[in-house]
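There are 2 protein chains.
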Amino acid sequence: MGKANISNPVIRRLPRYYRFLGELKSKGFTRISSGELSRRMGLTASQVRQDFNCFGEFGQQGYGYNVDILQSEIGAILGLNKMHKAVLIGVGNLGRAVAQHINFNLFGFQIIGYFEQKESLIGQMIKNTPIRNIRDLDEFCRENKPEVAVLCIPKEGAKVISEQLVRLGIKGFWNFSHYDISLNYPEVQVENVHINDSLMTLSYKLNNLDK
Amino acid sequence: MGKANISNPVIRRLPRYYRFLGELKSKGFTRISSGELSRRMGLTASQVRQDFNCFGEFGQQGYGYNVDILQSEIGAILGLNKMHKAVLIGVGNLGRAVAQHINFNLFGFQIIGYFEQKESLIGQMIKNTPIRNIRDLDEFCRENKPEVAVLCIPKEGAKVISEQLVRLGIKGFWNFSHYDISLNYPEVQVENVHINDSLMTLSYKLNNLDK
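Chains A and B supply the protein sequences, listed in that same order. Position one of the first sequence corresponds to residue 1 (this note's numbering), numbered consecutively onward. Position one of the second sequence corresponds to residue 212 (this note's numbering), numbered consecutively onward.
Simulated from the structure, these hints should not be mistaken for laboratory data. Only a predicted model underlies this, so the values are computations on that prediction, with no experimental measurement involved. Heads up, the beta-carbon is just placed ideally off N, CA and C, and yes, glycines get one too.
Result set (BS3-like, lysine-lysine): computed pairs, CA atoms no more than 25 Å apart in a straight line:
hint	chain 1	residue 1	chain 2	residue 2
1	B	K293	B	K382
2	B	K382	A	K205
3	B	K370	A	K27
Simulated DEER-style distance windows between Cβ atoms:
hint	chain 1	residue 1	chain 2	residue 2	range
4	B	I406	A	K27	16 to 26 Å
5	B	K370	A	K118	36 to 46 Å
6	B	Q258	A	G35	29 to 39 Å
7	B	G246	A	Q50	23 to 33 Å
8	A	N144	B	N355	49 to 59 Å
9	A	K118	B	K293	33 to 43 Å
Looking from chain A toward chain B, a few residues come up when the C-beta cut is under 7 Å (computed):
hint	residue
10	P15
11	F107
12	D197
Using the sequences and the accompanying hints, generate a full structural model.
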């Protein structure tokens, strides 16, 4: 499947396709037309067909898509079948929730270490993996070579830690801090999580209900 | 300011503008051109100007925008200056992290009650507000009339609870469960949080590094 020149909006839609197809699968669907899929996702049918054309042929005209195969292929394009070793930095409330709530393995990531500076948390276990002292980060990364860091620390500490992590070979960040990593390390892949944006959108919707 | 027919993509960008302008403000910027703002946000200058034109005149040609005023005006469009009473349902790891990590007040929401079914959590305090028994939800809502619910429970329980909440007058959901509320209540405003989508995007980026 050709992957050249996939535009950013198409890439952004891939996880949604993957998610919707998973839901269809769990509801017992085996085939779906681009029309039906687009209706459920709030897109147009031609949009869906265009998106899938970026990656080659997923279905037959007039026959619809095989839900299971389509989901697997999109999963493969997303790289979910390849495992990346990751460390999670900061296991306060947010870090702990992320660690326990997110099923990293389903998305191609394996958390091999948790790191924290707060003494009282060090040594505790999360999903059978110990929380380590942040001072041991260098040694751990040199030995275990994680490629990804999940950053769950406040903005203040993020500059120093991201510098250290990039130096230790981290190639991708899942960034919950409000520090802009990309600004200093354009070569590193960063996904920022801005949960507040959706809260603001909800506020907008509520305030424009009767207009 | 005219708000008619604002398209969904424009609405989606408003929180980003708000956030970026806040960061500029904290860095000491007082004025910014559409060119500079667009560069920082990865948009084109004409895109930025078009977006702002939807809401009327924010700046003067060639003179740039006043950062502080622009942020306030976008905040007002987002309705962040109006407070909505909200309840948060489910204070497991995720709910607790959301409750403690998100500064709801900044975004126009006031959490007036936390609800949980797990006996051991009931009576504990979060930010000076007690965690209540989910069985008291009806009575609480009738008395206090919240408009919004933050749903932090697993998919399984979400159908029954969302039905109950809509019946109790809830008009908007910030939905962390993987249950599709909109399907049954199209009249209710729902913002779904799909954190996994950004994790999949990171996987895609990492797997297409060298291509």
